[in-house]
Amino acid sequence: MTNRVFMLPLWIRLWHWSNALAIIVLAVTGVSLHFSNPELPLVEFSLAARIHNVAGVCLAGLYVVFVVGNIVTGNWWQYVPKPPGIIGRCLTQMQYYGSGIFKGEKEPFPPTPEVNFNALQAVTYWSIMYLVLPVVIATGLIFLYPQFAPDRLFGLDGLLPIAMLHYLGAAVIVLFAVSHIYLGTMGPKVSSLFKMMITGWYEH
Amino acid sequence: MPTEPHQPLICVKGIAIMCIEMFYLKRETSIIRQSEFRGNHVFANFKNKLCSALALLVMLTATAFADDPPPTPEDLTKIKTANAECLSCHSEAGLKKLPKEGLDVKKLRNYLVDLDTYTGSDHGQMACSKCHGDGYDKHPHAAKAKEGLSECQDCHARKAMRIERQFDKSVHAENLSDSFTCATCHDAHVMTLASKLRDPHKIVAQDNKICLDCHDSDLAFAKIAPEKKKRPPIDEIHSWLPNTRLHWQAVRCIECHTPTEDKLSLSHEIQNKDKAEKKCATCHSANTSLNARLYRHLAKEEQNKYGFLNSVILSNSYVVGATRNPSIDWIVIGLFVATVLGVIGHGLVRIITTRMRRSKNHD
Chain A
22 MTNRVFMLPL WIRLWHWSNA LAIIVLAVTG VSLHFSNPEL PLVEFSLAAR
72 IHNVAGVCLA GLYVVFVVGN IVTGNWWQYV PKPPGIIGRC LTQMQYYGSG
122 IFKGEKEPFP PTPEVNFNAL QAVTYWSIMY LVLPVVIATG LIFLYPQFAP
172 DRLFGLDGLL PIAMLHYLGA AVIVLFAVSH IYLGTMGPKV SSLFKMMITG
222 WYEH
Chain B
346 MPTEPHQPLI CVKGIAIMCI EMFYLKRETS IIRQSEFRGN HVFANFKNKL
396 CSALALLVML TATAFADDPP PTPEDLTKIK TANAECLSCH SEAGLKKLPK
446 EGLDVKKLRN YLVDLDTYTG SDHGQMACSK CHGDGYDKHP HAAKAKEGLS
496 ECQDCHARKA MRIERQFDKS VHAENLSDSF TCATCHDAHV MTLASKLRDP
546 HKIVAQDNKI CLDCHDSDLA FAKIAPEKKK RPPIDEIHSW LPNTRLHWQA
596 VRCIECHTPT EDKLSLSHEI QNKDKAEKKC ATCHSANTSL NARLYRHLAK
646 EEQNKYGFLN SVILSNSYVV GATRNPSIDW IVIGLFVATV LGVIGHGLVR
696 IITTRMRRSK NHD
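Listed in order, the protein sequences are those of chains A and B. Each residue of the first sequence is one higher than the one before, counting from 22 in our numbering. Each residue of the second sequence is one higher than the one before, counting from 346 in our numbering.
Chain A extracted, bound-state conformation (with noise of 0.2 Å):
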C-alpha cells in the first residue's frame, strides 16, 4: 500500500511548468543566437530573436510570480539552507547519490510537507534562484534595452560584461536543468517525482 502527501500546492506546479517551458523555449534560440551560423541555423536568427525576447519577458513575469507567491505564501523558507549540520547533510545526499543509490539504500533525507528539499537540492535551487537567475534576467533586460548598458569598458563595448554574465549565467542554468530533470528519476519509483510535480502529491 503507497502512502500519499500532499506536498505541492498548484500555483508552484503550475509556476514551475511555465518556469520550465520558458527556460527550454530560451535554451533553444539562444543557442541559435550565440553560435548563429548562417550555413547551419538551430532556428533562423530573426526569428530566434523575436521568440527569445517575448520568452525572456514572459520568464521575467514568471520570477515575480516566484517571488510574490514565495513572500505571501511563506514558501520561501523551504529555499533557505538551514546551518547547523548542513554541510554534513549535503555530503551525506552526495554519498547517497555516488554511492547508495547503486546498493539499493532508501533516501536519506525524503521530502516531507514541511521539508520539501534534501540541504543539496535547498543549497543548488537557492543558488539558482536568488543568484543566477536573477543575473540571466537582469543581464537579458539590459540586452532588450541596449542603451542602458555601460558606454565602453577597458576599452571595449559595454554591452560585453552583460552579454557574458548571461551567457555564462544561463549556460549554468542549462547545466542545471540537465541536471535537474536527471535526479527527478531518483524518487521511490522513476515517475514519483515527476508525478508529485504535476498532481502535488507525493507517493511513497
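Where hints are given, some of them may not hold.
Said to hold, decoys possible - Cβ-to-Cβ under 8 Å is the rule here; a few derived chain A residues that face chain B:
id : residue
1  : Ser67
2  : Gln168
3  : Gly176
4  : Leu180
Claimed, not checked - Derived list of chain A stretches under chain B, where covered just means 3 residues or more per stretch with a C-beta under 8 Å from a C-beta of chain B:
id : segment
5  : 47–61
6  : 119–130
7  : 190–199
Simulated from the structure, these hints should not be mistaken for lab results. Quick caveat, the model's predicted, so the values are computed rather than measured. Ideal placement from N, C-alpha and C gives every residue a C-beta, glycine not left out.
Chain A is fixed; fit chain B onto it per the hints.
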C-alpha cells in the same frame, strides 16, 4: 585670388584620364573577346597581356600626374587666404557681417560652408576655386558663375567610371537617373573617406546622415523624388530589425543595401528592399560580413583581444554570434557534454545495479 599652381598639369591629367578610360574600355572589350574566341585563346591571351602591360604603363604614368603633390605650407597659406574671401559671405559668420550691401541673404543661406568641417574633409586643403571654376575668379562673383562648376569625374575619373557602372544598377538610377549626381549624396565640403575616418562610429554617423537626410525627411525626399512617390516611413519599413535606431548608430544603411561583390570599395549599387540583405546571420555569425564592410579598414588590426573572435568589432559593438570567445564556448560545450554523459552514465549504472540486485534477490 590665388593663381592656379598646377595649371599645366591639367592637360596632362586630361590625357591621363583618357588613357585610363581607354584601358577600361579595352579591358571590357577584351573580356568579351576572350569569351568569343575561346578556341584561339593563346593569341587572345598574348594580345591581352600586351594590352594590359601597355595600359598599366600608361596608367602608372597617368596616376603620377593625376595625384597632385600635397600643397606646401606657402600654398596652404595662399589657399586659406583665398578661401577666407569666399567665406566672408558663404559662412554663418559672414552672413552676419556681409561685406557688400544688397545681397540676397535668404538665397545665400543655402550656400554656406562650415570652415572646420570643410578643413577636416577630404577636400579641406583645396582652394574653393579648384572646383568652383572660372566664373568665381572675381570676387564678388557673378550670379551665373555656377555654370562653371567642375564635375567630380574631372579629378576622380577612375573612381567615377567604376562607380557609374554600379550606380546604373541602383535604385537611385532606376527612379531618378538624370537628376541624381554624386553631389546629391556626397557633399564635397563635408565628406571624408572611411579609410581616413577609421572610427566606425564616425563612418556610420557620416554615411547614415546622407541616407537619412532624404529618407527620414518628407521635405527633403519630395525635393528630388519623382512626383507622386511617397516617402516610405523609415522606421515602419525597418520594424523587423530589432533595436532599429540602435542598429543605425552601429552600422551603415549600405551594409545591407549594397551587394557584396565589389572588393575595391563598397558598391554604389544601392538596392531597395527587394534585393537588400535581410539575413541577420550575414553579420551575426563568426564569419561576419562586417569585416569586409564597416570594419574593412580596421580588419588588419584584428588581434583576437582577450581571445575573442572579431575583437576588432568588439571595441565598438557587441555583435551576438560574431564577437564571441571560442575558448569559453568550448568550455561551456565541454561542461554540457560532461553533464549529459554523467547523467546517462549514472542512469546506466543504476539500471545495471538494480537488475543485479533483483536477480540476486530471486536467487
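Unmet hints by their number, sorted upward, for this structure
none
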